[in-house]
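The residues making up each chain are set out below.
2 protein chains.
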Amino acid sequence: MTAHDFVDAHIEAIQQQFFALLRIPSISTAPEHAGDVQQVAHWLADDMRRIGLHQVEVIPTARHPIVYGEWLGAGSDKPTVLIYGHYDVQPAVKSDGWLNEPFDPTVRDGFVYARGSSDDKGQVFAHVKAAEAMLANGGRPPVNLKFLIEGEEEIGSPNLGAFVKANTEQLKADVCVISDSGMPTADQPAIVYALRGLMTMELIVHGPQVDLHSGSYGGSVHNPAQALTEIIAQLHHPEGSIAVPGFYDDVLPLSDQERVELHKTGMSEAEWRKNTGAPQPYGEPGYAIHERTGARPTLEINGLAGGYFDTGFKTVLPAKAWAKISCRLVANQNPEVIARQVTDFIHSITPSTVTSEVRLLGGSPPALVDLNAPAMQAAIRAYERGWGKRPVFMREGGSIPVVVDFQKELGIPVILMGFGLNNDGAHGPNEHFKLEMFQKGIHTSIHFCEALAQ
Amino acid sequence: MTAHDFVDAHIEAIQQQFFALLRIPSISTAPEHAGDVQQVAHWLADDMRRIGLHQVEVIPTARHPIVYGEWLGAGSDKPTVLIYGHYDVQPAVKSDGWLNEPFDPTVRDGFVYARGSSDDKGQVFAHVKAAEAMLANGGRPPVNLKFLIEGEEEIGSPNLGAFVKANTEQLKADVCVISDSGMPTADQPAIVYALRGLMTMELIVHGPQVDLHSGSYGGSVHNPAQALTEIIAQLHHPEGSIAVPGFYDDVLPLSDQERVELHKTGMSEAEWRKNTGAPQPYGEPGYAIHERTGARPTLEINGLAGGYFDTGFKTVLPAKAWAKISCRLVANQNPEVIARQVTDFIHSITPSTVTSEVRLLGGSPPALVDLNAPAMQAAIRAYERGWGKRPVFMREGGSIPVVVDFQKELGIPVILMGFGLNNDGAHGPNEHFKLEMFQKGIHTSIHFCEALAQ
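Chains as they are written, first to last, in our numbering: chain A, 1 to 454; chain B, 1001 to 1454.
Hints are computed from structural coordinates only; laboratory data are not their basis.
Just so you know, not all the hints are guaranteed correct.
Across the chosen pairs, the derived CB separations fall in these ranges [stated by the list, open to error]:
id: 1; chain 1: B; residue 1: Asp1046; chain 2: A; residue 2: Asp310; range: 40 to 50 Å
id: 2; chain 1: B; residue 1: His1213; chain 2: A; residue 2: Ala166; range: 43 to 53 Å
id: 3; chain 1: A; residue 1: Ser352; chain 2: B; residue 2: Glu1057; range: 51 to 61 Å
id: 4; chain 1: B; residue 1: His1213; chain 2: A; residue 2: His263; range: 49 to 59 Å
Chain B regions said to be covered by chain A (calculated; three or more residues, Cβ under 8 Å) [said to hold, decoys possible]:
id: 5; segment: 1211–1218
id: 6; segment: 1323–1332
id: 7; segment: 1397–1409
Note that the Cβ used here is the ideal one computed from N, Cα and C, for glycine as well.
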């Protein structure tokens, strides 16, 4: 009996285990559910021990524990896969609009409805069950396996980065797989192969030492709120590209092949209009909307403040004005280089009548997995076998901090192998997961290990 | 005995009346002092009746009363002077740093220290005592007199404008005198002959219908915070003048004579640096600092807001961003014309990727009294006789709403005839008024009436 046969033969029992996992309300943000979060961690650890993983531990952090387990029996000449997921969930109460109690998994039309079904218990549990199938009856998985399942993803993973950094030897692997995302439709698998990085800063333009009366001094003082707008307005060229010298220097250009591939799933202008309601598209000339949001860097003004902004009016000439600025970065841009370029440019265009202070707030590099890398080729084959269809490739405009942590601390590619659907309702009422996709996900995880070992 | 002789002969008694007036804590903003405010109104009305004014009334308003009194015995062929002042005062407690109880007038080195001594009981009472001197012993003032003394100046005169508008016939006059300001030094009288007007508006730049995630949409949407800066940055030319077409069209140019006169009291660059602490002066080329703040119009950004502005960072792409914009206006600019010009220009430079909404908040015209007008010439002669020195002429960069009310509703010139010193400490601790200036003020008020009648 192959691992695949095991899955199909035991799918009823596997689903019942999945439903049991869904019944524990491991809401990480709610202190009153801290015990439930602990309970799920131990439930998972028990299951991981039962199926034959080694070194299974529930590792305490400052808040919710991390569950770790491994199987290294494939030998050091075989690849090691680090599987990351999370067992905590978003809050949910029936009165939010659920048709069933959110922690009473209910099957309707082939979907299981429950909080965490898609995000992320179902997706991470598919990998655990793939390991069980490969280990069943004395089986030996073709690759080494390491599981890292955290309980704080929905509260921003406050303790994961430090854990990864402190345990790089234990977590050493050749590839990381994260299944915590969706695909466009149930029969079209998709791989996100690029995430944008982020650089955040604050700009403060200083003028007079204190707020002045605009009647007494207006006309003789360069109003910092005005000067701020004059500086920010120079950060983009009028046609929409970014005017900071050198900003695009390190950007890897899109290949013709990539552009064709991205076009398959990219947001159309009609969708963009429906989703944004903005008057007209904007952005860097020469790129389609989905390229501007996924494959090209940006510079955004995320906040503006200065002077008086309550109801009514105050004729203040403010002492200073602020802006929050962020750049979304793409490979191979470096957040520190970009921060320096933006800072230098701001200083160079600041007139002598005011002063500019730039405070760097944070930065994380972009992520890009080479579509020709062996791990990516293995993921493609796994989807082809699990779904019967070649996956499409997508770039995601946002950032996923854990991906950056894994890349930075472990130096390995991260494959974002989603088993859910974009409209599974993660974070909303009636979150659901298609049971057929749960089963296909288990098979795909096995296929991935098999393809990776070849 | 002339009116002037009467003043000098009775100065001790007049000072004692002034001190009695200072003892009543008519703090208009404090509900617990509402009775004191009433008491001062009646105290003043009683004094005005006693000295021979007619139609003396304490006129209730929604909060604190207005005191009115008149003497029209000079005849309809003689000018009528409307004297405006206020009997209410700012709050004061000894613990703010007073050397004496603020409502226990105390004389030191020829100054009386008490709240309201300069602002404005002393200055307005000088006019009342001038009227007493002219009316004493069956005397007949050379002009008709109308007194309008309010009790709400320190809380923004919420009821005065409506009163003036509703009583234009009763208040009809040829000139209005306001003594509620200071002169540079005790021996240098000064007349403010111009006040800037004001136009206030709010600009809202709209982009997407709701706040978006800058990771998902950044690069494809014209960020309204960015677009706002791009619009505002175009409102000034880089060298400091205002770029709104037609903005300067109606501005009366400064004559060479005015420039020479203004230069005598204008803020020097050294004073400007000390007062503002700003890195470098800014403004319209070709004009000195004091001309930029007094004689030229401005366009100021008084507030900016948009997106996220708390601590930390939120990668929001905001649905809209706001600015509060005001223009200080000079003769003969019209607030409605300026509002339309600024609005039209903003709409004309708004790109098609966002929309601009402009909300007009308010407007008041500038004030400029012709230095050659008979009333102004009378004021000059009055100061020359009262102080023995020709007054200097100043332009004030701010606006005084009551001046606008008198100009607009009554159509008469307003002479700002200050008897105080700029450093009398109005609104602060140890407010004081030089008793010599109180006496000179009474004489100057009489001289003004005499000069006006000639």
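Exercise for the section: Examine the segment 1323–1332 of chain B for residues whose CB is less than 8 Å from any CB of chain A, and state whether their number is three or more. Expected result: holds (count 4)
Exercise for the section: Determine whether the Cβ-Cβ distance between B:Asp1046 and A:Asp310 falls within the hinted range of 40 to 50 Å. Expected result: holds, 43 Å
Handout entry: B:His1213 versus A:His263 beta-carbon gap, inside 49 to 59 Å or not
Key = violated, 22 Å
Exercise for the section: Could you say whether the range 51 to 61 Å given as a hint is met by the Cβ separation of A:Ser352 and B:Glu1057? Expected result: holds, 59 Å
Problem - Whether chain A covers the segment 1211–1218 of chain B (at least 3 residues having a Cβ closer than 8 Å to its Cβ atoms) - result: holds (count 7)
Handout entry: Status of the given 43 to 53 Å range, CB of A:Ala166 versus CB of B:His1213
Key = Violated, at about 31 Å.
Exercise for the section: Count residues of the segment 1397–1409 of chain B with a Cβ under 8 Å from any Cβ of chain A, then say if the count reaches three. Expected result: This one holds; 3 residues, not fewer than the three required, reach chain A with a Cβ under 8 Å.
Hint check: violations occur at hints 2 and 4; the rest are consistent with the structure.
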